[in-house]
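Enquirer: Listed here are the chains, written in short residue letters.
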Amino acid sequence: MGTLLQQIANGLIFGGLIAMVALGYTMVYGIIQLINFAHGEVFMTGAFGGLAVYSWLLPADVQQIWYVALPAMLVGGAIVALVIALLMERFAYRPLRNAPRLAPLITALGVSVFLQEAMRIFFPGASSAVPFPNAFITAPLHIGSITIPASGLLMLVVSVVLSIVLETYVNGSRMGRAMRATAQDPDTARLMGINPDRVIVLTFGIGAVLAGVGGVLYGSYIHNIDPYIGFQNGLFAFAAAVLGGIGSIRGAVIGAFVIGLIKNLADIYLPGGTAYDYVWIFILLIAVLVFRPQGLFGEAERVRA
Amino acid sequence: MRNRTVKAAVVVMAGALALAACGTNKTESGGGGSASCDTSKGTLTIGVISPLTGSLSALGLGIQHSAELAVAEANDKCTVKGYKLTVDPEDDQATPQVGAQAATKLSSDSNVVGVVGTLNSSVAQTVQPILSNKKVPQISPANTNPSLTKGADLTNPKRQFPSYFRVCTTDNYQGPDAADYLVKKAGKKKIAVIQDGKTYGAGLAAAFSERATADGATIVDKEQVGEKDTDFSGVLTKVKAAAPDAIYYGGEYPVAGPLSKQAQGLGLTVPVMGGDGVFDPKYIELGGKEGDLATSVGAPTESLDTAKDFVKAYAAKGYKDPYAAYGAFSYDAANAIIASLATTLGDSGTWSDSQRDKLISTIGSYKGNGATGAVAFDQYGDSTNKVLTVYQVTGKDWKAVQTGPFEG
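Same order as they appear, the protein sequences are chains A and B. Number 301 in the working numbering belongs to position 301 of the first sequence; there are no gaps in the numbering. Number 1143 in the working numbering belongs to position 143 of the second sequence; there are no gaps in the numbering.
It is worth saying that the hints were derived from the structure and are not from the lab. Each hint should be verified, as a subset may be incorrect.
[As the list claims (entries may be wrong)] Far from chain A, by Cβ distances over 12 Å, these chain B residues were calculated:
#	residue
1	1037
2	1112
3	1346
4	1353
[Stated by the list, open to error] Some chain B residues close to chain A (C-beta under 7 Å, calculated; not the full set):
#	residue
5	1055
6	1227
7	1237
8	1254
9	1267
10	1271
11	1284
These figures come from a predicted structure and were not determined experimentally. Quick reminder that beta carbons are idealized off the backbone N, C-alpha and C, glycines included.
My request is simple: use the sequences and hints to build the entire structure.
Expert: What follows is the structure in structure tokens.
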């Protein structure tokens, strides 16, 4: 029983990580109906940004003080991710706003590969895994019979808190209302005086900050990063967003926790081990989509006039 | 009008790209022969197949540069009469298909006399037949899986490829050597064994488990991870439940490092032991902790008198990457090819395909003193040098704790 609880805890931690990335996917799709395949790379550049802040901007004595180093890395990672995402939106996606849907999709794939290779080539040492400092309490935490690394718990807590903050913002604030309006019907929203460009930039920005924070926390948890973590985790996050209902914030978070739990429990209890991760997750995804194409929390697709 | 300009521009660009792609972008190095050498008969090439990019590139680049050093020295000494030697390094990305492409490229070049490589046993399995079909001798500085020379059934060994040799010892000695140390010297009786499912890792873990059980320990858990995995919390939870007092990992350092760190994070503070794939400074950077162990083939390079010249010469050349765990082996492998080539051609021979058989048999009977000690091959192509060393992570660095030829 202790082992099962431990596996569930591990699954929830992984789910927390995926949730931060899935939120970006789901929000961007909700606004402009684009699956931003390069969002995983935003996550990855956030991780490298945090590492860069740690290695190059923090003096050595400050590096050891985690409550100074970690916030600095989080801020640094979020800023780098934000810049990359905004540049992506401005130069790769905005010109294709009115193009047939295939064009921005291909562009997204292209941006994804570009960012992976650019990071691999230009970041020193990135052609193999780069060690990532722990930057948080190193001792594992014991809760009952479960032991989890402190950085894992941090990731889970931050993820849940940020998701709640985001949900409150989108549902309660004026800008949030603008986002929901643009997602529902961009032309009418424009008639109501909402500037869709600004709303889209804000959406990309919020998604990027979440992914950037996720990236730094991921690095802290796994202790090394390489240019391909964006692709691997982005695939899980994309599956989570679709499972939960693409376009729904609540769905993305719930979907992420489901994916995390399935992955960990399947690894251990189903034959095949970790090599079959993607198999079980996508079987689940397909099963859900066959019976409920809009995902768990999504709205049935309305054909736009 | 604009369409035609665009089309013309596209054709010009495509042509330029094609020309750039056709141009050789392999870095030909190891040259610099002194002016007094007679190189009238042309150039001969020693190929190198190892991972030059990717997570194991630290080891692969060490192999490449050490071979380049050997070739540079041979050129300076005019070892092969009438020819200049160069090195053609090919990246196998530690992946069998890419290794196969590299091997095909090298074997179709008639100036390639021999190949130093590969690093990974899994890549060697694909590369061996390709090189062997074209009678290109291959000497590996790092393949340790015994089936590469003796076949799948070790009780009935059969030489697989007459042109394949290796200068390092094999896992059917490395695994038991590690088991003897861990069980008898370090006194660990409950061991969890994790491996990455690849040729090398699985083979090594199996050899270790067999010997550890024979030595009196119990294998409390057996797990498999993927070589690209980053999150081991699930597997380590299962291992922790079995309460081992040590973990043995069959595989390489990109996985072993984070595995050790995450084990610590879950409260599993037992030592992790691995084989030569784990023995690299990057292992410690990526998460290896104090007290972790690894075995490696050969004696520590820095301790051998024969290696001191190699270490000095390597430093003098100023390569960007260190020679890593297999540099000295690669140097010896390259020298074995070069010396055998010099013997085969003699003072006035000319290289041609008909010389290939003679070169292979000359390598088979080669005897020399290299940076790793005495270099010679037995009837299977294995090295007669069975020295193995156990290293321990002490103070952020690997320190040798036991060296010697494997007896059992």
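Enquirer: Of all the hints numbered above, which does this structure not satisfy? Sort the numbers upward.
Expert: 6, 10, 11
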